[in-house]
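Undergrad: Residues per chain are reported as follows:
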Amino acid sequence: MILIKDGRLIDPSQGLDGEYDILIREGRVEKIGPRGSIGVEGCEVIEAEGLWVIPGMIDMHCHLREPGYEYKETIRTGTLAGLAGGFTALVAMANTDPVNDDASVTRYILEKAEKEGMCRVCPVGALTRGMKGENLSDIGELREAGVVALSDDGRPVARSEIMRRGLEYAKAFDLPIISHCEDPDLSKGGVMNEGRVSTLLGLKGIPSISEVIMIARDIALAGFTGGRLHIAHVSTREGVQLIREAKAKGIEVTAEVTPHHLTLTEEALKDFDTNAKVNPPLRTEEDREALIEGLKDGTIDVIATDHAPHSPVEKEVEMDLAAFGMVGLETALPLMLRLVEEGVLEPLSLFEKVTVNPARILGIEGGSLRQGSRADAVLIDPGKEWVVDPSLFHSRGRNTPFKGWKMKGKVVKTILEGKVVYG
Amino acid sequence: MRKDLLGIKDLSSREIEVLLETAERFKEVSEREIKKVPTLRGKTIINLFYEPSTRTRTSFEIAAKRMSADTINISASSSSVVKGETLLDTARNLEAMNPDAVVIRHPFPGAPHMIAKEIKASVINGGDGAHEHPSQALSDLLTVKEKKGRIEGLLIVIAGDIAHSRVARSNILAFKKMGAVVRVVGPPTLIPYGIEDMGVEVSYDLGEAIKDADVIMMLRIQLERQKGGFFPSLREYSALYGLNLEKLKSARRDVVILHPGPINRGIEIAPEVADGPYSLILNQVTNGLAVRMAIFYHLLGGKE
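In order, the protein sequences belong to chains S and R.
No gaps in the numbering here: position 356 of the first sequence is 356 in the numbering used here, and each next residue is one more.
No gaps in the numbering here: position 145 of the second sequence is 145 in the numbering used here, and each next residue is one more.
Isolated chain S, as found in the complex (with noise of 0.2 Å):
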């Protein structure tokens, strides 16, 4: 049995922020009670005394690379990043090589990850085959092998009649389907948000309807169907207010955005740095400030890292031919923390974002330190301050335009399943 005793447990699922203390047995919430309530006889303790005591994150958007990329991420790698950075969960993207479009692929990731992983990996099914947009993979037998939920993450469906069937027929699994909302057309070319800067750069700019429309388009089909969309890294205004909008109406739709997002702008680009050459391109000041107004409101419901690992290969070159990318599990948390220090979200309502959210939206387990649950959980230092240093990264990638940034909040434990795993 452990004890964490002495620590600020902050558990949206149960609306608890206070000192309590947590008792594990067997890789599950055996109790939680009010500090000092539980005796430690018989218990390994971790003393939390001035640390928070969070349910350990779940990263619904991340590219794990394996199999095919192994040079950029590997399961591995990638897990290893998700526990230094609080991430008991990573859910992988289908953009591997061969695509995740085959329970085969699907069985492939999930026996890597019982092996190699170092914490969950939940694997997301290709919605067409190929990733190519033109027909359905076999979701059932995706469904059965495992996956969460279904994405052409980074090849956007263009065909808004296979965007149609593929949310018509996710429904017979309960499947919600992650939209990466870009229309391929208007984006072509581009290397950063068309605006201000990419015109004084001279840089081709993805413009701002070129994900409004998409939004648009499958906000209306998920309406007209009556399937789950999910809108991946959402990143203007006018996507959060469609969004926004959506809700309202009562369209079963939810929404992510990245702390990359919320914290940079196109401004980033201005050196030119490939590091922060991310699709959806950073946007405007105005941009973040809605994203934030979204993430407040609850238009927004979770934070994805969409940790996107390169090689230097694919980053030290001229900005028209670096990937599109960043990566993001080891730098999440202290950019997320700045929306407490900076007083716009409470610490309750920035956690539900990366634990019971994207645990409803993908309808797994964790993101909850209910009595109970899987013990999954975080212990933050949250005023402590560190430099980012991307060669210290457990990470393959050091694609991070954060090189050099003051943190402030670092992951001093995580435990998954009821064990330190890291810390």
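Among the hints, a few may not be true.
Derived contacts from chain S toward chain R, CB cut-off under 8 Å, selection only [what the hints assert, rightly or not]: (1) GLU194; (2) GLY195; (3) LEU200; (4) GLY202; (5) LYS315; (6) GLU316; (7) MET319; (8) ASP320; (9) VAL344; (10) LEU345; (11) GLU346.
Derived by calculation from the structure, the hints in this document are not laboratory data.
For glycine and all other residues, C-beta sits at the position ideal for the given N, C-alpha and C.
Position chain R relative to chain S; hints supplied.
TA: For chain R alone, kept in the frame of chain S given last:
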């Protein structure tokens, strides 16, 4: 003195003035019988060109030679680019041969900035994508200043494909820094989003836009833009945004016309206009040489 010349954006108006004054002095060298000064003897300058260019490359080369530097030209077709070498690796390899300056022309914005961080040699931006072309803007400043006696207070109209033009960006920055008023004109599809934030006026009507102009700068229209859906046909583009004698009638009598070249005769500029008395197109070329000598002088001449 600075190590690199990457863009007009980085220059102060004072630095621009100094470069122009130096260029004025260097013009004389090209008028001598023996067109050579020993200023850069023993210096090595590499022209690294990833895009075809006649004018700019030749201009940099002649400028270097008239200052007694050794020059080497590398063009993308003959370099390791085709073998798949990255730009940084190419730069590191060139650096290993200890050149004093690398002039780079590249189709992608930021390429010169990337290698400038990597190598000790001076890096001169000879045009990076649609970003900047500082030596062109400096020669345009010099050309206008020679003719008009000043820059401050003039109205400069830049016409055509603003969106894809490095010449437009560098000239907007340059003329604004020197106190001119800048107006851009072209079809709305070729006026990039947020250009007003660079402090320019925007117009879609060439005839209207040039009425009170002191300087009209025509930009080259790349013929393939039509395929990108930026305008319906070259015929219509030429009719609406080509500068011909008819449209020029509404302009001031002392207006001067610039074009960075190479010109599409009969498309963005009518032959009678390109060859007319108010055309400074060839002066730009002559001044371009002097400006490039001044750039070399300031980046390399001061170092001992």
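Undergrad: With reference to the structure, classify each hint as holding or not holding.
TA: Evaluation of the provided hints:
1. GLU194: Given a least distance of 5 Å, the restraint on GLU194 of chain S holds.
2. GLY195: Status holds, d = 5 Å.
3. LEU200: 7 Å, holds
4. GLY202: Because about 3 Å separates GLY202 of chain S from the closest Cβ in chain R, which is inside the 8 Å limit, the hint holds.
5. LYS315: 11 Å, violated
6. GLU316: 6 Å, holds
7. MET319: 5 Å, holds
8. ASP320: Interface hint status for ASP320 of chain S: holds (4 Å vs cutoff 8 Å).
9. VAL344: Result: violated, 28 Å to nearest chain R Cβ.
10. LEU345: LEU345 of chain S check fails; min Cβ-Cβ to chain R is 31 Å, beyond 8 Å.
11. GLU346: With a minimum Cβ separation of about 36 Å from chain R (threshold 8 Å), the hint on GLU346 of chain S is violated.
Checked against the numbered hints above, the structure violates hints 5, 9, 10 and 11; every other hint is satisfied.
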